[in-house]
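So the protein lines, in turn, are chains A and B. Every letter in the first sequence is one number past the one before it in my numbering, and letter 84, counting from 1, is 84. Heads up, my numbering is the position in the second sequence plus 1000, with the first residue counted as 1.
Hints may be right or wrong, so weigh each one.
[Said to hold, decoys possible] BS3-like, lysine-lysine: derived pairs with alpha carbons at most 25 Å apart:
1) 1044/B / 257/A
2) 1187/B / 257/A
3) 1187/B / 1144/B
4) 246/A / 1044/B
5) 52/A / 246/A
6) 1326/B / 246/A
7) 257/A / 1263/B
8) 1018/B / 1044/B
9) 1144/B / 18/A
10) 1299/B / 257/A
11) 1019/B / 18/A
12) 1018/B / 1051/B
The set of hints was computed from the structure by calculation and includes no laboratory data.
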Amino acid sequence: MKILVLVKQVPDTATQVKIGANPKAIDTAGITWIVSPYDEFAVEEALRIKEKRGQADVVAVTLGPDRAKEALRSCLAMGCDRAIHLNDPAWAEADTLATAKALAAVVKQESPELVLTGRQAIDDDMGAVPAQVAELLGWPCAYWIMEEAVDGDGKTARTGRQVEGGLEIFDVPLPAVLSAQKGLNEPRYPTLKGIMGAKKKEIKDVKAGDLGLGAETPQLSVVALEALPPRPPGRIIQGDVPTAVKELVRSLREDAKAI
Amino acid sequence: MANAFWCVVEDDRKGAPKKVMAEVIGEAARLSGGEVEAVWLTDKATDEGVKQLGEWGARKVWLLENAAFAPYRAEVWAPAIAELAKAQSPRAILAPVTSRQRELMARLAARLDVGLAADCMGLAMEGDRLIATRPVYAGKLLAKMAWAKTPWLATLRPNVFKPADAVPGRAAAVERPTASLPAAALKLVERREEVSTGLPELTEAEIVLSGGRGMKGPENYVILEELGGVIGAAVGASRAAVDAGWRPHRFQIGQTGRTISPKLYMGFGVSGAIQHLAGMRTSKVIVAINKDPEAPIFKIADYGIVADLFEVVPALTQEFKRLLEK
């Protein structure tokens, strides 16, 4: 069984993100880059499927600039067998849909039985790529999965999809796209052996032309990034607990009209 | 109509549109000068549901009623809406942020080859183009975004947009277009309902109480649930509390959990790590209760009390009970 895992490199969650000199982009100086956390769940799930089945070809795929290779190295260190790096200036302005088109093209070329990815990348938080890749391929998709089990002959995946108020268990025929929600699993840390081994694994560079694609007009573009409006200064309510609580409740009702 | 703003209906699966639709319809009316149409895919609509959409301001309801629409499966829904959109050419298609609309709208955007702005917190017409304001990096920054062509697709975050007032007697025309329905690929095995806490859903709640590491253990969340029961609040948790296994992940607020914008957020024993603040700093009023006066959450709080939450929470419950019984 071949599994493609789509990952994105994003700033670490602890990063204080700042607007760059170009107001449409962030200042990338000093940022620690990581594999988007939801994508790590997808990598982990792919590796578990491989371990359970005894064999599988697990391929990490990313679209991004040169630095995104580090994200692929992390996936290889976790245990992915090889990696594909979609790296071309044609994709520098790629929006969600253009990204999905490039990823769908590489999926078509590789024709895996399963595509796993995170529910959203924690930079632009759009959360659209998994569904769009599925749509462009004409494949089914299970969103925000909390559990997954591929059957023995690799024809169906039983998935638990998180919805408001519960979990919907679906049988999804393969090939399909599954998007991982937190809670699906606990991603492993790469071992030293894994990290050393990752250096010898293949990372294939792919250009837009290799997929028969050119530069796409972005369908949605950033006009400008803005800082959040500053919050008005707050007030620490003094006094013993009964007094402070009474004053807090009064303030919330009468001043803030919040309750 | 080519100028219409469409609102994709999220319903309660029992034939009634969810309350959040008043916000989507209200915003669509504001942006379009009243050219609002609802698109409702359901296995069973009710007359009351259609009436409700009309009273909120939908001039027309495109009602696609078919058993094939339940349970929700994107591979059936997306082609049906796309076909109708191609025939009717709406100017925009809006939907609330819910688990299924997130997937459906993304598929629809790919099918129509247009942009989707997900999880918008603001929409505004600038001349004849629509500008979306949406949080990025889990709300550490805002991005203003614009579309290359229509229809403009967007999902709207609950609790942010002003809901439409229901005008009794205002009614929508109902159209029942036929749709070609592809066979469903996904087969529903079962639906596991969560044990209901009786409290509102986290992303929809107007008031959210959040318990952090200061809660000391899973057994103590019951005091927040009691308070939540009194004031009608949802109860969430910080990543530290979720990672410690005290609460299931669906209750996590922050960058790798839910991003919320309630009218009132109250944090108890929440220190305010940057990734938690990212998930709740767009709340209208923020209250912080923490023993540590240096906790970062106090920097963005409107009101703070430096005290032991185990003293404050019962006192708050008593005080609200006393006031609400009056």
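How the hints compare with the structure:
Simply put, residue 1044/B and residue 257/A have alpha-carbon atoms about 39 Å apart, too far for the 25 Å limit, and the pair is violated. For the proposed pair residue 1187/B and residue 257/A, the alpha carbon gap of about 47 Å is over 25 Å, so the pair is violated. With a CA separation close to 39 Å, the supplied pair residue 1187/B and residue 1144/B exceeds the 25 Å bound. For the hint pairing residue 246/A with residue 1044/B, the CA-to-CA distance comes to about 48 Å; that exceeds 25 Å, so the pair is violated.
Taking the CA atoms of residue 52/A and residue 246/A, the gap is about 58 Å. The hint is violated against a cut of 25 Å. Only pairs whose Cα atoms come within 25 Å are accepted, and residue 1326/B paired with residue 246/A is accepted, the gap being roughly 15 Å. With a C-alpha separation of about 9 Å, the suggested pair residue 257/A and residue 1263/B falls inside the 25 Å cut-off, and the hint holds. A threshold of 25 Å between alpha carbons decides the hint, and for residue 1018/B with residue 1044/B the separation of about 14 Å falls inside it, so the pair holds.
Annotation: proposed proximity of residue 1144/B to residue 18/A holds, straight-line Cα distance about 15 Å (limit 25 Å). Proposed proximity of residue 1299/B and residue 257/A is supported: the alpha carbons are some 21 Å apart, at most 25 Å. Only pairs whose Cα atoms come within 25 Å are accepted, and residue 1019/B paired with residue 18/A is rejected, the gap being roughly 36 Å. Restraint check for residue 1018/B and residue 1051/B: satisfied, since their Cα atoms lie roughly 13 Å apart, inside the 25 Å limit.
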